[in-house]
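Chains as they are written, first to last, in the working numbering: chain U, 1 to 372; chain D, 1001 to 1397.
Each hint can be trusted.
Straight-line distance between alpha carbons at most 25 angstroms, and here's what the computed DSS-like set of lysine-lysine pairs gives:
(1) D:Lys1354 with D:Lys1323
(2) U:Lys318 with U:Lys289
(3) D:Lys1200 with D:Lys1003
(4) U:Lys323 with D:Lys1320
(5) D:Lys1143 with D:Lys1002
(6) D:Lys1200 with D:Lys1221
(7) U:Lys289 with D:Lys1323
(8) U:Lys371 with U:Lys361
(9) D:Lys1132 with D:Lys1145
(10) D:Lys1145 with D:Lys1233
(11) D:Lys1143 with D:Lys1200
(12) D:Lys1200 with D:Lys1145
(13) U:Lys321 with D:Lys1320
(14) D:Lys1003 with D:Lys1143
(15) D:Lys1143 with D:Lys1201
(16) U:Lys287 with D:Lys1323
(17) D:Lys1233 with D:Lys1003
(18) U:Lys275 with U:Lys346
(19) D:Lys1320 with U:Lys287
(20) D:Lys1064 with U:Lys275
(21) D:Lys1320 with U:Lys289
Label pairs and their in silico Cβ distance ranges:
(22) U:Ser70 with D:Ile1086: 23 to 31 angstroms
(23) U:Lys361 with D:Asp1134: 51 to 59 angstroms
(24) U:Glu234 with D:Ile1280: 25 to 33 angstroms
Hints were generated in silico from the structure; no laboratory data involved. From a predicted model like this one, the values you see are computed outputs, not experimental measurements. Where is the CB? At the ideal position from N, CA and C, for every residue including glycine.
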Amino acid sequence: MRNDLHGIIYTLSSEPALRELVEHRNSASIPFGGRYRLIDFALSMMVNAGIRDVGVIMERDYQSLLDHMSNGADWGLARRSGGLRLLPPFGLKESHSGHFSGCMEALRSVRSYIRDIPQEDIVLCAADWAGNIDLAAAVELHRQTGARMTAICSEGYGPFAHHRLVKDADGFARRLIFSEGGPGEGLFSREIYIIKKDLLLELMEYCSDSIHDHFHRDAVAHYLSQGGEIAVYEHNIYARRITSVRDYYDASMELMQPQIMAELFPTDERPIRTKERADASTYYSDKAKVTGSLVADGCYVEGELDHCILFRGVRVGKGAKLKNCILMQDTVIGENAALTSVIADKDCVVSEGTVLTGSDKLPVVIPKGEKV
Amino acid sequence: MKKECIAMLLAGGQGSRLYALTADVAKPNLPFGGKYRIIDFPLSNCANSGIDTVGVLTQYRPMKLNAYLGTGQPWDLSADDGGVFILPPYMSAGEKGNWFSGTANAIYQNLDFIDVRDPEYVLILSGDHIYKMDYADMLREHKEKGAACTIAVIQVSMDEAKRFGIMNTGEDGYITEFEEKPAHPKSDLASMGIYIFTWKKLRQALVEDNADPNSQQDFGKNIIPRLLNQGEKLWAYHFKGYWRDVGTITSLWDANMDMLSQDQIDLYDPDWPIMSRSPIRPPQIAGPEADIRHSIVTEGCIVDGSVFNSVLSNQVTIEKGAKVEYSVLMPGAVVEEGAEVRFAILGENVRVCKGARVGAEPDGTDSWGVATCGPDVTVGPGAVVAPGAMLYSGVAT
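Using the sequences and the hints given, assemble the complete structure.
Below you can see the structure in the form of structure tokens.
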């Protein structure tokens, strides 16, 4: 039985405020939550709703994303028929920079791919957020209402959300508001849409020139101005976009809250899948101390951790004291180092006795592969 | 299809001396060392040694083992021209089907599987040992020495030698005699149950052995002596390194404890990874009250109590105020608030309720032992499980 849904994940030019985190990668492949990349959340959402065909429109800095996704086997998407399709950004006729400023521009670059999609409905979303959304329930609403477009919305969506839909009494939204943050009328769009393929093609037709690059500003606004209606699926469990270093740090520290952990990783449903590695379990030595922390497999901890996130394969030397730190894959912390509010990217080496102190407002970021 | 060397992994044993732990799973499928199942060790060794075809002979309670192995993908053993093949006993036209009556019989019944691949050499492995070994090096020696069979041996103490199959070798290093569990061992070289055979020689020996009504169709008892009698060259490959048989509760517990020191076996060596199929779980959480020392903890665990000198598989929960010391906790085990677990093995999904106590420190008496709770057992609130106990079913208060 073929599922009548097709997934498209687009990646846009990364927000500059993500600084060192996107020096070697697009925001879609930022490591998050101890063992994931941001795109894992969008991909798992789709797979958990039974989607078996997913196209990923890649932005220019896609090497890290390619390495992460490979053939999609870790998400059950390595399939003979359908499965994962990685779409490089150079499908546009004009010599294109490979950077997309908006969703409609990204979609334009894969027009023929979209035309050939065999399914009737398309799930469209970005890849720069973390959350665990019950897409299957939203699809059910989409089918029940017979809507041409369904939006997943919530009361809050991190500090950088700025599209709101105002839901009428019949459950449909006919009005879109642009405003940044704060309380106000309407529900925040989580920028996840279920949309009929023919409608998407119509909107792409309308947005066929470079002044119509944006999904909300151009496509959705046009659709509503033509009398279109959007079914609203309200989903208030944890999800947030990550658009700056500060935001990344806050979102990471939030994970220590049991409620958020439980919403992001429910025990037996909707698992978040990611690339598998061959790691042993994590070892804590007799001198180790670990409280309020999130630790992946393959770590070797001989120091002290308080409110830290350790990705796979991190080593923490004897006497090292770490507080509020995020250490990405295979980073090594030397003996007696003392770090507070530090984000160390992949493969960093912090030598013996180093002292680095950031703050909640201004965490220190060590770029990928650096030696300190 | 032709292969130089393929592996046949004997995974049909019940592991009866593990009692409740293997009541409904085959021993090779038993959780071990946090992330692993015992069979991960030989499978990873195969992958790391460049052996890409592994026949896994199953018999006892194979369902969970089959599910665990799947296509062999987690061990990089799912290539088009190789892979993991599960080989259960089967029926043939006009005959009664037979269970594998011995280790050699299991291979005999799968002659077809090997013939199709037409290998020069066949590596025989068992699914119940913990070790890291480069079979390619053993094969190199097998070829160099022109042997019909090479047996991996490890030095043990003369006292231990009584528990093993012992190889007596001549001055030139070739094996002259094999003795199963000798009362008065003449050598300290114990067979590790790892054999490389030149396939033509093994094939012939298996066919002859099958025709012998008195044979127990066992490698150690029948095939090795048969080859020796026929004057074939049998070489002893000396293995130096960590190797443990985990056939008993004590040895299983010991070997798990060994995983806590890298000088025994290094599980963090990127050049020889031990691979496994892991459930999809988030990272482990150490709560605000957690105290974890000299222990192994796996993804999906939630620890808010104290854990010392212990091995925790995935999805183990240790609640606030609970104490776990010198213990092995298999996937899904839960130790509730204020409960204490010492010198114990908790099977999968065991629940130790509030205030209960399982096991105790060694007290020097003969009756002391590692306390074991079989899978899915619930130890009721305040209940006490004595050291050395073996629980098949739950106990109330």
